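**Student:** As they're listed, the protein sequences go chains A and B. Position 204 (the first sequence) corresponds to 204 in the numbering used here; numbering is contiguous. Position 222 (the second sequence) corresponds to 222 in the numbering used here; numbering is contiguous.
There may be inaccurate statements among the hints.
Quick list of the computed label-pair ranges, beta carbon to beta carbon [as the list claims (entries may be wrong)]:
#1 E61/A x Y38/B: 33 to 43 Å
#2 D54/A x F115/B: 46 to 56 Å
#3 G64/B x E125/A: 49 to 59 Å
Worth flagging that the hints you see were computed from the coordinates, not collected in a lab. Bear in mind that the values here come from a model prediction, so they are computed numbers and not experimental data. Using N, Cα and C, we set each Cβ at its ideal position, and we do this for glycine too.
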Amino acid sequence: MPRETYQRHLREIQDEVMEMGGTVEKALEWSMQALKNRDLELAKKVVDNDKEIDKKRFAIEEQALDLMSTQAPMASDLRILLATLSVITDLERMADHAAGNAKVAILIGDEPPLKPLIDLPRMNEIVIDMLHKSLDAFIHHDAEAARQIVSRDDEIDHLYDQVFRELLIFMMEDPRTITRAERLIWVGHNLERTGDRVTNICERVVFMVTGKMEEMNISTY
Amino acid sequence: MVHEAVNQADKESRSEAVAAAPVHVRNILEVKNLSAWYGNMMAVNNLTMSIHSRSITAIIGPSGCGKSTFIRCLNRMHEVSDGGRVEGKVLLDGKDLYARDVDPVEIRRRIGMVFQKPSVFPTMSIFDNVASGISLTRLWSRKRDLQDVVERSLKKAALWEEVKDKLNQSGGSLSGGQQQRLCIARAIAIAPEIILMDEPCSALDPISTLKIEELMLEIKKDYTVIIVTHNMQQAARVSDRTGFMLLGELIEYAPTKEVFTVPKDKRTEDYITGRFG
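So here's chain A without its partners, still in its complex pose (with noise of 0.2 Å):
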């Protein structure tokens, strides 16, 4: 096959987010982890992969640029660049928010629970569950299957609505509540931003497959 260096590359790009993807997979995780058992340590270091996740996003783009500047890529190869570019804004941005959950988990230190967390570890669940999925329909070029992760993301909206409204109750009832409640709605929303980010890799999965744009999952919030 001719061009077997580039196409080398182009095959090692979509292997680095993999690796990218891997990574705030684990920082989801932990975040919940870390809010759940209040485990100060295991949020201080989400906090500080967070700036790893940034170089390595970085650093894909700049090889991906490398590709784009001295190869020329056309058609397909042109579309997995343009996508992977997309995916890893993505990838940074859902990092960013599981290293706020992480700070939410910081702040909120050894203050005395408000409710045992059980929605919240749910829509991480799902969010992480949707996220790999994303990611295989990605490095296996699967529209089809970009397109049926897009439908869960209802559910997420669905918990985070759930979320709010319980929250909501507690500082009504007891405004002194306020401020610790306040903090799990950040995480909810977190996570609900989170899914919809899935959402765009899912966009840009389909775009890279087929050529065509399409808006999947328009979010309540």
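Mind docking chain B on chain A? Use the hints.
**Tutor:** Relative to chain A, chain B alone:
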């Protein structure tokens, strides 16, 4: 922009090589079931396509795919090759170029050609290089007219400023890029409707190449340009529509943006991404 290109593509026929023309352009050239041979060897196989007027159409494809033979059929140059034979129709404004009553010389005036290697006449002056085609076609009546046509042609070919003070110098004294623009001026001078360009930049340096590309974009306001090129970036940069040929067949023909971002045929995809060729 990719989005727009794709939407545009949706509106057009996906399966036919003949792409529908937008309202403001007309099809100046209709190629119907064109096949061309060198002796027993078929070089172009049953090719059908429409060429929009005042636009640039690029023909791309690997070496030996028949793209040069194809454009040589469009001004009846192929039939003068050894064993050259053509079947099918090429309609210029509805009139078949291969009809019995058509004079090939008149066709070559209406459809000019610029070759890969600048074909200046080295012993002739710059002025005479441009004037030679006009003299043959007797498109001028007075010396003054001839001077006007030469000046206008050199201006259209973006060469006038560089040569206006040395029109009597030999055409061979110019650089490669200037020589190619001189050839374009000579082609323009005989007032063609279509200009065929067969790899016009392959012997030029990048700066001269960009000048020729700028020139193509300029002259398409007045002429229809069909260019054969190995350089896919060049096709992507200058052309409005691109045809991809393989083994004598036209595999895909669509707006250039579409061919280079979302080609329909896997063979086109494989060629333009460099997976074969």
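**Student:** Between D54/A and F115/B, does the beta-carbon spacing fit 46 to 56 Å?
**Tutor:** holds, 54 Å
**Student:** Just tell me: holds or violated, for the beta carbon distance of G64/B and E125/A against 49 to 59 Å?
**Tutor:** holds, 58 Å
**Student:** Take the C-beta atom of E61/A and the C-beta atom of Y38/B, compute their distance, and say whether it sits inside 33 to 43 Å.
**Tutor:** Cβ of E61/A to Cβ of Y38/B: about 50 Å, so the range 33 to 43 Å is violated.
Of the hints listed earlier, the one the structure fails to meet is number 1.
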